[in-house]
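Asks: The hints should help you fit chain B onto chain A, whose structure is shown.
Protein chains in written order, with the numbering used here: chain A, 17 to 129; chain B, 22 to 136.
Simulated from the structure, these hints should not be mistaken for lab results. Any given hint could be a false lead.
Said to hold, decoys possible - Residues from chain A that face chain B, not an exhaustive set, calculated with beta carbons under 10 Å:
hint, residue
1, 60
2, 118
3, 119
4, 120
5, 122
From the three backbone atoms N, C-alpha and C, an ideal C-beta is built for every residue, glycine too.
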Amino acid sequence: GEDVEQSLFLSVREGDSSVINCTYTDSSSTYLYWYKQEPGAGLQLLTYIFSNMDMKQDQRLTVLLNKKDKHLSLRIADTQTGDSAIYFCAEIYSGAGSYQLTFGKGTKLSVIP
Amino acid sequence: EAGVVQSPRYKIIEKKQPVAFWCNPISGHNTLYWYRQNLGQGPELLIRYENEEAVDDSQLPKDRFSAERLKGVDSTLKIQPAELGDSAVYLCASSLDGRAGETQYFGPGTRLLVL
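Okay, chain A solo, but in the shape it has when bound:
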């Protein structure tokens, strides 16, 4: 089956940049996603990148994709306390005609004031 790996914890100081990393195994992934989950809430889509792109920037968020190494990262500039949450990397597995999202276990970001 397809697999998405993330480090479980990251701690940064307010104002610093955060970099959350993810590796995936499905070479046929077409889209890769970053979702944010705050305590007791559902998942909120932050951004996504198409597999033929190397980078995507959206305000404080920068997504980098290294397709050769199957590595995805999310950089949050000027990290704020409100960014404290769990961040999930996900890929679309398009095998057998099923567009199924496969999630990593999530990285818990703690922002120190």
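Replies: Chain B in isolation, oriented as in the chain A frame:
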């Protein structure tokens, strides 16, 4: 515009009891998903509907889980009987047409505790 609505938000039951979760997707969204999220894990897909048709239920434990989306709008997920290992957050999501790259919008989830 209202997002994905789920109820109840929390449910505590004893093992072997039945339980049902309800989801109302975003208006106009044809595709509806049920995910299960175990503690410390990412969500895992249980079933996906295109309108009223279940098009991917390969990961739904069919011996005790059932789902329906009779009119292609809201949906119910049922567990009967519940087991201790079913304790998890059950998330519902919807998207416009279910195509790759299309945003899935998630509800807040139902947190189930089986005692």
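Asks: So, for every hint listed, does it hold in this structure?
Replies: Taking the hints in turn, this is what the structure says about them:
{"no.": "1", "hint": "60", "verdict": "holds, 7 Å"}
{"no.": "2", "hint": "118", "verdict": "holds, 8 Å"}
{"no.": "3", "hint": "119", "verdict": "holds, 3 Å"}
{"no.": "4", "hint": "120", "verdict": "holds, 5 Å"}
{"no.": "5", "hint": "122", "verdict": "holds, 6 Å"}
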